[in-house]
Amino acid sequence: ILNVEQSPQSLHVQEGDSTNFTCSFPSSNFYALHWYRWETAKSPEALFVMTLNGDEKKKGRISATLNTKEGYSYLYIKGSQPEDSATYLCAFLDSWGKLQFGAGTQVVVTP
Amino acid sequence: DAGVTQSPTHLIKTRGQHVTLRCSPISGHKSVSWYQQVLGQGPQFIFQYYEKEERGRGNFPDRFSARQFPNYSSELNVNALLLGDSALYLCASSLFGLQSNEQFFGPGTRLTVL
Chain D
2 ILNVEQSPQS
12 LHVQEGDSTN
22 FTCSFPSSNF
32 YALHWYRWET
42 AKSPEALFVM
52 TLNGDEKKKG
62 RISATLNTKE
72 GYSYLYIKGS
82 QPEDSATYLC
92 AFLDSWGKLQ
102 FGAGTQVVVT
112 P
Chain G
36 DAGVTQSPTH
46 LIKTRGQHVT
56 LRCSPISGHK
66 SVSWYQQVLG
76 QGPQFIFQYY
86 EKEERGRGNF
96 PDRFSARQFP
106 NYSSELNVNA
116 LLLGDSALYL
126 CASSLFGLQS
136 NEQFFGPGTR
146 LTVL
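One line per chain: the protein sequences are D and G, in this order.
Quick note on numbering: the first sequence equals residues 2 to 112 in this note's numbering.
Quick note on numbering: the second sequence equals residues 36 to 149 in this note's numbering.
Take these hints with a grain of salt, some might be off.
[Stated by the list, open to error] Straight-line C-alpha distance at most 25 Å; calculated SDA-like pairs for lysine to any residue: (1) K99(D) / R57(G); (2) K70(D) / K43(D); (3) K60(D) / W97(D); (4) K43(D) / A122(G); (5) K60(D) / A122(G).
[What the hints assert, rightly or not] To give an idea of the chain G side of the interface with chain D (calculated C-beta under 10 Å), a few residues: (6) S62; (7) H64; (8) G75; (9) R90; (10) P96; (11) S100; (12) S108; (13) G132; (14) G141.
Everything labelled a hint here was simulated from the structure, so no lab data went into it.
Remember, predicted model here, so these are calculated numbers, not experimental data.
Even for Gly, the Cβ is constructed at its ideal location relative to N, Cα and C.
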């Protein structure tokens, strides 16, 4: 059974601080890793789709790295702002076309 | 531009009934995926359709089925509803398949089974 795990489950960050959290996934049958941001009462919003080992992607203050050999990805938020408060989900796509989400990391940024 | 649309927004059914959920992708998108999300968990992948063919299937019983139409819209059907089918059902579309394309999610259909 494939297992995508995210840690921590939740974290509180002071405005202006930087933070990061982890997504771990099976290192076999890797096809792609997706990151999403899900704000309360909204639809999940795609952040990154990562396909190559060593990939690094950036969107504004948010960036992500990918290590497919050891099966992990980090998401970084630099200089957190209250609008960064959301649940961040990663999803592992295997070579059979099956996409499995982690349970998410809930980020709360306090002013 | 219209985003992904889903109908209905909310739905209440009783055990044993059948339900059909509908999704219209962003114009030009050829892939539609369906997810079930229960409180406290990440979305669970149900199906992916690309060019009207099933390209991926999650661990859901045969009571769940889907199809994609020539205009790329999609339906998710659930037969013999159980209480445990109560969830938010999300549809997402992407230009091509999931391999290298970001998905755009619809607002979801909240299904309650009594």
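Against the structure, the hints come out as follows:
no.	hint	result
1	K99(D) / R57(G)	21 Å, holds
2	K70(D) / K43(D)	34 Å, violated
3	K60(D) / W97(D)	29 Å, violated
4	K43(D) / A122(G)	16 Å, holds
5	K60(D) / A122(G)	31 Å, violated
6	S62	17 Å, violated
7	H64	13 Å, violated
8	G75	7 Å, holds
9	R90	5 Å, holds
10	P96	16 Å, violated
11	S100	17 Å, violated
12	S108	17 Å, violated
13	G132	8 Å, holds
14	G141	6 Å, holds
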